[in-house]
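Enquirer: Letter by letter, the chains look like this.
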Amino acid sequence: MTKLRSLIFRELKVSKKLYIMRFLFLFAFIAFAIAGTFLFNSIFAEMPGKEKIIKTFTEMLSMLIMLCSTVFFADDTAFKSDLVSGWNNYSYVLPLTAAERAIVKLICFIGALGISVLFGMACVILINLIAGTQFEIGYVVLLFILIDFILLSKIIINYFVLRARNTDEYKKMKNTGSFICLASLICITLVILKCAGFDFAALFNSDSSEPLSFDILSELTGKMLWWLVPLTISLFAVLFAVIYHHSQYVYSGGVKIKKEKVKAEKTLDISAPHSYL
Amino acid sequence: MPFHDIFAPKDMARIFEGIYPQWDNAVYNGYLDRFGLPFQKKIGEFSKGMKMKLQIACALSHNTELLIMDEATTGLDPVVRDEILHIFMEYLQDGERSILMSSHITSDLEKIADSVTFIDKGKLLISGYKDDILESHGILKCDKSELGNIDPKDIVSIRMNNYGAEVMLSDRQSASYKYSGAIIDPASLDDIMLYYVHKDEREWNS
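In the order they appear, the protein sequences are chains A and B. Per my numbering, the first sequence starts with residue 1, numbered consecutively. Per my numbering, the second sequence starts with residue 1001, numbered consecutively.
So that you can see chain A by itself, here it is in the shape it has in the complex (with noise of 0.2 Å):
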């Protein structure tokens, strides 16, 4: 425990300034929908069909927000910081194995990301008090969605930003990375939707006398956390895999190797007076 211990303080203290910004950030973005909220309100007090606006409004703010809460703290902070200093290489040298390595970075990934979506979960139920409309279920099911990609797409891309073991690699694999995750998050997307029968006509409300609406939420019922829950808790076990996986091996000039327990083959014999070689 000492050592998680330690290891974690190093890896905070080493994003400290990423994590203060960030969520500087999502809080300046909070207050934003708070204060948004209320002007909403005021604006549209007097409006004809204004429940439909507001709920509208406050929906599209909260996925928002949500998105944001999770979207931010998403990639690996640490890491890149780690290449430029040298404590990736020097750390193969520790007593560490690969599997503390890769349970304190997913440690570090939870306690940011769940700090991020109980504050972003906390701003929906606000606004919606705010607004008078009602929490539904649908939130925590689309939270849970946007988990699950927020975990995929950081196994698309760790797998291959594990890799590399200087900066120019860094930037390579995470743009290959990146391009491969978000083709791959898009299609997926596509998939999902059309096993769903969602047609994205008629989302969109055409009459002009009717305010726009989005129903999206009305979709998202309760019983898809059986299977979401459960979802949620393998992208994390393979997140974990993925990163235990590289930090088994050290990448030195372009060759992998495994890092274990080598006995020497041959030792040089020094009591003789000298040995010429």
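Check each hint, because a few of them may be wrong.
Within a straight-line C-alpha distance of at most 16 Å, the following computed EDC-like cross-link-like pairs (lysine to aspartate or glutamate) qualify [to be verified]:
#1 A:Lys17 with B:Asp1005
#2 A:Lys13 with B:Asp1005
#3 A:Lys3 with B:Asp1011
Derived from the structure by calculation, the hints contain no laboratory data.
Chain A is fixed; fit chain B onto it per the hints.
Expert: Quick look at chain B alone, frame taken from chain A:
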């Protein structure tokens, strides 16, 4: 240096005391005092010499039996180098620990090493106890015309210059009997390494 610039020596203590089971904070703090390193200052503000001292302090504070060091004293001034070599000798005093050190500074090796191994272009040139190597080798200075009198088996290599030849002999004691009257000077590790590097050439110019 593989530590982030934002860390201070106190942070390194906190990190390593969890990682190394035998980390000793008292020993670490002792080395920091001895090296005059500030406990709270960020590593990014350290000079090169200070960073090296910090690395050495970290390496010596977890009671390891074998230290492997790559150019540990390179880039340091002679005073600091001497101090660090002295600390290495103290570290080895109990006889239970060893240091495997690579260095281009042969004077450091002459001060501290028990055994030395010379490597040139991936090839091992010579290996053995330092004192044995120093005692057994010597440099014989003579005219170029006298080179024919020296048994080739005794010669490592010959450095030619405008004044004559300097011959590195592999067995100084037996050479002193064989070539009585000749002056054979002791050789430093630097000289020995230089002559062994040119062993295949046999005769070379400085």
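Enquirer: Work down the list of hints and note, for each, if the structure agrees.
Expert: A quick look at each hint next to the structure:
no., hint, verdict
1, A:Lys17 with B:Asp1005, "holds (13 Å)"
2, A:Lys13 with B:Asp1005, "holds (11 Å)"
3, A:Lys3 with B:Asp1011, "holds (14 Å)"
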